[in-house]
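Peer 1: The residues making up each chain are set out below.
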Amino acid sequence: TQLLEQSPQFLSIQEGENLTVYCNSSSVFSSLQWYRQEPGEGPVLLVTVVTGGEVKKLKRLTFQFGDARKDSSLHITAAQPGDTGLYLCGSSNTGKLIFGQGTTLQVKP
Amino acid sequence: DSGVTQTPKHLITATGQRVTLRCSPRSGDLSVYWYQQSLDQGLQFLIQYYNGEERAKGNILERFSAQQFPDLHSELNLSSLELGDSALYFCASSPHTNHKSTDTQYFGPGTRLTVL
Numbered sequence: 001t002q003l004l005e006q007s008p009q010f011l012s013i014q015e016g017e018n019l020t021v022y023c024n025s026s027s028v029f030s031s032l033q034w035y036r037q038e039p040g041e042g043p044v045l046l047v048t049v050v051t052g053g054e055v056k057k058l059k060r061l062t063f064q065f066g067d068a069r070k071d072s073s074l075h076i077t078a079a080q081p082g083d084t085g086l087y088l089c090g091s092s093n094t095g096k097l098i099f100g101q102g103t104t105l106q107v108k109p
Numbered sequence: 110d111s112g113v114t115q116t117p118k119h120l121i122t123a124t125g126q127r128v129t130l131r132c133s134p135r136s137g138d139l140s141v142y143w144y145q146q147s148l149d150q151g152l153q154f155l156i157q158y159y160n161g162e163e164r165a166k167g168n169i170l171e172r173f174s175a176q177q178f179p180d181l182h183s184e185l186n187l188s189s190l191e192l193g194d195s196a197l198y199f200c201a202s203s204p205h206t207n208h209k210s211t212d213t214q215y216f217g218p219g220t221r222l223t224v225l
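Respectively, the protein sequence lines represent chains A and B.
According to the working numbering, the residues represented by the first sequence are 1 to 109, in order.
According to the working numbering, the residues represented by the second sequence are 110 to 225, in order.
Extracted from the complex, chain A is given alone in its bound form (with noise of 0.2 Å):
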């Protein structure tokens, strides 16, 4: 069974800081999915990176998928209070859709 093992757990930034939150695996991901989720409501998809060394951006965020596929990251540049929630990555193998312990971010003002 794939694990998905994410770092930090939490984080505490001041607004206008950089970060990078790091979602790691023993095996190769087929493809990785980042989400974000809010107190309250279900995660949302915010990226899915399929090739390895693949670069996505969306906004602020740099979204990274490791040249040999088992590793990925998501930096946030100029962080903002509304980046703040739960960073999810996770990993779909044969319709079970796998998930990382998360990354808490707090963005204080």
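Check each hint, because a few of them may be wrong.
[Claimed, not checked] Derived Cβ-Cβ restraints for the label pairs, each shown as a range: (1) B:Ser136 to A:Val55: 30 to 36 Å; (2) A:Arg60 to B:Glu171: 27 to 33 Å; (3) A:Arg60 to B:Gln150: 43 to 49 Å; (4) B:Thr124 to A:Gly40: 38 to 44 Å; (5) A:Lys108 to B:Phe178: 31 to 37 Å; (6) A:Glu17 to B:Thr116: 38 to 44 Å; (7) B:Thr213 to A:Leu3: 34 to 40 Å; (8) A:Val55 to B:Ser174: 28 to 34 Å; (9) B:Pro204 to A:Gly40: 22 to 28 Å; (10) A:Val44 to B:His205: 36 to 42 Å; (11) B:Thr124 to A:Val50: 33 to 39 Å; (12) B:Glu162 to A:Thr77: 43 to 49 Å; (13) A:Lys108 to B:Gly125: 40 to 46 Å; (14) A:Ser26 to B:Ser174: 30 to 36 Å.
Hint data in this document are derived by calculation from the structure and do not stem from the laboratory.
All C-beta atoms, glycine included, are put in the ideal place defined by N, C-alpha and C.
Got chain A sorted already, so can you dock chain B onto it with the hints?
Peer 2: Okay, now just chain B, sitting in the frame of chain A:
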């Protein structure tokens, strides 16, 4: 708004009881997935249905069961409830069976279950 609806939003019950959680997928989506989210276990996949048939199974207890009806809505039945079953239960839907691992799953707002 993802287009996936779940009812009820909150549910408080006692140990040993049975509850039913309901999910309506996005219009046109054939697959429904159920997940459990707790503080210690994170977000865990329970079960998937596609067009009325069970398609994939995850860490679902024998006390739990689900079904998908002809109108594609789904219900998750939790019985002989224990304190540890307290969690958020999410339903998600996608257009296909997710054989393509890039299929997007759209999550509902969840049902918060509290077992006292």
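Peer 1: Which earlier hints turn out false for this structure, listed by number in ascending order?
Peer 2: Hints 2, 3, 4, 5, 7, 8, 10 and 11 not satisfied by this model.
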